[in-house]
Amino acid sequence: MTGKTRILVIEDDPHIRKYLKITLEPEQFQVFEAETARIGLQQVIAHRPDLILLDLGLPDQDGQSFLKDLREWNETPVIVLSAREMEADKIQALESGADDYLTKPFSAGELMARIKVALRHAHRLGNTASPVFQVDGLNVDMAARRVVLDGVDVRLTPIEFKLLTTLIKHAGKVLTHAYLLNEVWGKHAADNSPYLRIHTQHLREKLNDNPLQPRFIFTEPGIGYRFKSDQN
Amino acid sequence: LQKFVANLLKMAAITSGSLKLKREPYLVQEIIGAALSRVKELKGDRSIATAINGELPIIELDGGLIEQVMINLLENAIAHTSPEGTVSIFAERDADAIRIRVSDDGPGLEPGTEELIFGQSHLVDGPRPDQRGTESTGLGLVICRAIIQAHGGMIYAKNNPGVAGQSNGSSFIFTLPTNRTSS
Numbered sequence: 001m002t003g004k005t006r007i008l009v010i011e012d013d014p015h016i017r018k019y020l021k022i023t024l025e026p027e028q029f030q031v032f033e034a035e036t037a038r039i040g041l042q043q044v045i046a047h048r049p050d051l052i053l054l055d056l057g058l059p060d061q062d063g064q065s066f067l068k069d070l071r072e073w074n075e076t077p078v079i080v081l082s083a084r085e086m087e088a089d090k091i092q093a094l095e096s097g098a099d100d101y102l103t104k105p106f107s108a109g110e111l112m113a114r115i116k117v118a119l120r121h122a123h124r125l126g127n128t129a130s131p132v133f134q135v136d137g138l139n140v141d142m143a144a145r146r147v148v149l150d151g152v153d154v155r156l157t158p159i160e161f162k163l164l165t166t167l168i169k170h171a172g173k174v175l176t177h178a179y180l181l182n183e184v185w186g187k188h189a190a191d192n193s194p195y196l197r198i199h200t201q202h203l204r205e206k207l208n209d210n211p212l213q214p215r216f217i218f219t220e221p222g223i224g225y226r227f228k229s230d231q232n
Numbered sequence: 233l234q235k236f237v238a239n240l241l242k243m244a245a246i247t248s249g250s251l252k253l254k255r256e257p258y259l260v261q262e263i264i265g266a267a268l269s270r271v272k273e274l275k276g277d278r279s280i281a282t283a284i285n286g287e288l289p290i291i292e293l294d295g296g297l298i299e300q301v302m303i304n305l306l307e308n309a310i311a312h313t314s315p316e317g318t319v320s321i322f323a324e325r326d327a328d329a330i331r332i333r334v335s336d337d338g339p340g341l342e343p344g345t346e347e348l349i350f351g352q353s354h355l356v357d358g359p360r361p362d363q364r365g366t367e368s369t370g371l372g373l374v375i376c377r378a379i380i381q382a383h384g385g386m387i388y389a390k391n392n393p394g395v396a397g398q399s400n401g402s403s404f405i406f407t408l409p410t411n412r413t414s415s
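Read top to bottom, the protein sequences are chains A and B. Under this note's numbering, the first residue of the first sequence carries the number 1, and numbering increases by one thereafter. Under this note's numbering, the first residue of the second sequence carries the number 233, and numbering increases by one thereafter.
If we strip away everything but chain A, and leave its shape as in the complex, we get:
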């Protein structure tokens, strides 16, 4: 691969833009900045970034509508920057096509981890996904429908297996409750969040995963779940 990975920061707060720039540039990212949605759009076209960091509260256009417009013609991974209290905005952004979100204030470590996951996920979509997923003692062979944890076979129900493989396909990314319900149970199941809770709890028990100190399945309160990434 030649050249640096290009990241476009669309954020009106100059302090946050500066923080992102001084955090990302030493990590060998090339950073472009835009303080409005309009300039952001121009930068997307001009620089074809590999990833976009998007603030939802832009002065000239709502970040959500920018995201929807962008997704009509462009698949660049987008990580949304949002305030702690704005759960509804985060869900809407994920459903509008954002790949992930970061809650302000965030650390450099968290920022780098999310960027790596989003870039890897985008790269993986462009390639043939491996049928075997391995992380931290867990081995899932999707073709053979076999799950092994710390060398011991784990028996899952078909729904638990589907829930697990859906989480694994997006490992490292947060998936909303609505997305999981739709993927695992189908369109008509959108209001059946108790199903999701119960089966997630059963899956956790079978994977020996303590929600207090999660090993694989991380709860994002008010939003959804995130499965541990297979690379850190």
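Careful, some of the hints might be misleading.
[Claimed, not checked] Some chain B residues close to chain A (C-beta under 7 Å, calculated; not the full set):
1) E256
2) P257
3) I263
4) A283
5) E287
6) G295
7) E299
[To be verified] So these bits of chain A aren't anywhere near chain B, every CB distance computed over 12 Å:
8) K90
9) E95
10) M142
11) W185
12) L212
If you are wondering where the hints come from, they were derived from the structure by calculation, not from laboratory data. Don't be surprised by glycine CBs; every beta carbon is placed ideally from N, CA and C.
Once you have looked at the hints, place chain B on chain A.
Only chain B this time, still in chain A's reference frame:
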């Protein structure tokens, strides 16, 4: 100041009842686990002991808001203990509620302020630094109380029993009903 105003607006929404709770079934351990990860991200790898007594039932709560209560209480506890100090979380089931306690071994609360710190009159001076020089809006606990009350629970603070007048830190305790009756 921006954070102060955002918190103020949020408090107004919560206390006026215009904030709708988005209740979903959760295990409290999930919320505690998420809050611990978030605090670890923001405050570094502080040792926080956790203990759950017995089985806790799944209850319906607003996950995002209860996580915020946990984060506020943990940040508060960390701000009032030395880097080597102890912060701990304990959760158990009562007859009709889950009781969660966040304790620290810092200097404790000034006697007589245990209730005042949750009051809005505590806020008249606006943002001010806490003992470690971190800017504190003082709004955190007011918001925590509003969120817990909206869930039909209660929240209070007390000093931990110490030996011969010596401080043994403080505890912040809140309850979440297992059979919800409030809206």
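Going through the hints against the structure:
no. : hint : in the structure
1   : E256 : 6 Å, holds
2   : P257 : 5 Å, holds
3   : I263 : 5 Å, holds
4   : A283 : 10 Å, violated
5   : E287 : 12 Å, violated
6   : G295 : 3 Å, holds
7   : E299 : 4 Å, holds
8   : K90  : 9 Å, violated
9   : E95  : 15 Å, holds
10  : M142 : 26 Å, holds
11  : W185 : 16 Å, holds
12  : L212 : 4 Å, violated
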